[in-house]
Amino acid sequence: MSHDVTITPLETQALFDLRGPATVLRDWAGDSLPAFPQRPNTGSSNGRATLMFLGPDHWILRADLAREDAFEAALRPVAAPPEISIVRISDTLAFFRIIGPEAGEILSIACPLDLHPRCFGHDAASFTAAFGIKALVIRCEGGFELAVDRSYLPMMTECLTAAAG
Amino acid sequence: MLLITCPFCGPRNESEFVYGGPVKPPRPDPATRDDAEWTEWLTHVPNPVGPVEEQWWHARGCGTWLTIWRDTRSHDIVGAPHDGG
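Just so you know, the sequences run in chain order A and B. Going by this note's numbering, the first sequence opens with residue 17, and the numbers climb by one from there. Going by this note's numbering, the second sequence opens with residue 140, and the numbers climb by one from there.
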């Protein structure tokens, strides 16, 4: 049975892993970051980047790869104070976009998340398991985005293709 | 399959977690214990018939370590005994 979805591998994204107290990160980064999301497993955007709240004192900043150098300069990871950690992880995750009327069907095959909009709303982003491995799932316009460690890219491509039928 | 409530993420499927073993009593000072007591603490794994306190790691989620009480007779997650569970 085939599903009405379009699965597209995305280009490498600019990603920064931010850890530490939000107040210290906010003071350090100034206005270069979007507003810090208040609710766990949600993201906030400012048009240039998205900041996702993915764990206690843990955020991931996502932007187009073209902005990577600008964020590196603004966040100054090497000079960051000891209470916080800022690490560029752009090369570590491979992204897929899964959109279409039955995108939810593919995600429900892949992962155990409750994807009902009441639980996983328009701004939701969370780590979970997809086909048994750790994955980042983000709701996007018309479907979802899925990110896995780059070494799982061929496996995830096969699994998503098989799930889509 | 368990539905485990993560303090950060809320209820999540057991497949996102890694079992971290039962919660053991605090580590005693080996200098004040005899060999039998020390060996007992090192090697004894609590395995009661009934509620047992366990550690779980939300490894495929937010990374939080948490503890739950699980009844070994029913595999149900239950309240802590002192909470009347």
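If you're looking for bench data, these hints aren't it; they were derived computationally from the structure. Treat the numbers as computed from the prediction; the structure is a model and nothing was measured. For glycine and all other residues, C-beta sits at the position ideal for the given N, C-alpha and C. Don't take each hint at face value.
What the hints assert, rightly or not - So, partial list: chain A residues that the calculated Cβ filter (under 10 Å) puts toward chain B:
1) Leu70
2) Gly71
3) Ala89
4) Ile125
5) Pro128
6) Leu131
7) Asp139
8) Ser142
9) Gly148
Unchecked claim - Sample of chain B residues with no beta-carbon within 12 Å of chain A, all distances over it, derived:
10) Pro165
11) Ala175
12) Leu181
13) Gly202
14) Asp215
What the hints assert, rightly or not - No farther apart than 25 Å at their CA atoms in a straight line, the calculated lysine to aspartate or glutamate pairs in the DMTMM-like style are these:
15) B/Lys163 to B/Asp215
16) A/Lys150 to B/Asp210
17) B/Lys163 to B/Glu192
18) A/Lys150 to B/Glu153
19) A/Lys150 to A/Asp130
Hints versus structure:
The beta carbon of A/Leu70 comes within 6 Å of a beta carbon in chain B, closer than 10 Å, and the hint placing it at the interface holds. At about 4 Å, the closest approach between the beta carbon of A/Gly71 and any beta carbon in chain B falls short of 10 Å, and the interface hint on this residue holds. Given hint, A/Ala89 at the interface with chain B, is violated; its Cβ is 29 Å from that chain's nearest Cβ, farther than 10 Å. With its C-beta approaching chain B no nearer than about 13 Å, A/Ile125 sits outside the 10 Å limit, and its interface hint is violated.
Annotation: A/Pro128 was flagged as interfacial toward chain B, and the flag holds, the nearest CB pair being 4 Å apart, inside 10 Å. Nearest Cβ of chain B to the Cβ of A/Leu131: about 12 Å, over the 10 Å cut. The hint is violated. A least Cβ separation of about 15 Å between A/Asp139 and chain B goes past the 10 Å threshold, and the interface hint is therefore violated. The closest approach between the C-beta of A/Ser142 and any C-beta of chain B is roughly 7 Å, which is under the 10 Å cut-off, so the hint is satisfied.
Satisfaction of the interface hint for A/Gly148 is found here, the shortest Cβ-Cβ separation to chain B being roughly 8 Å, below the 10 Å cut-off. B/Pro165, annotated as away from the interface, keeps every beta carbon of chain A farther than 12 Å; the closest lies near 24 Å. Non-interface status of B/Ala175 relative to chain A is upheld: no Cβ of that chain comes within 12 Å, the nearest being about 40 Å off. Residue-level check passed: B/Leu181 sits 31 Å from the nearest beta carbon of chain A, beyond 12 Å.
With a least beta-carbon separation of about 5 Å from chain A, B/Gly202 fails to lie farther than 12 Å from that chain, contradicting its non-interface assignment. Its beta-carbon lying about 19 Å from the closest one in chain A, B/Asp215 satisfies the requirement of being farther than 12 Å from that chain. A C-alpha spacing of about 20 Å is found between B/Lys163 and B/Asp215, which places the hinted pair at or below 25 Å, so the restraint holds. Between A/Lys150 and B/Asp210, the direct Cα distance comes to roughly 28 Å. Violation of the 25 Å bound is thereby established for this hinted pair.
With a C-alpha separation of about 9 Å, the suggested pair B/Lys163 and B/Glu192 falls inside the 25 Å cut-off, and the hint holds. Among the hinted pairs, A/Lys150 with B/Glu153 is consistent with the structure: their alpha-carbon atoms are about 13 Å apart, no more than 25 Å. Restraint check for A/Lys150 and A/Asp130: the C-alpha separation of about 16 Å stays at or below 25 Å, so the hint holds.
In the structure shown, a violation is registered for the earlier hints numbered 3, 4, 6, 7, 13 and 16, in ascending order.
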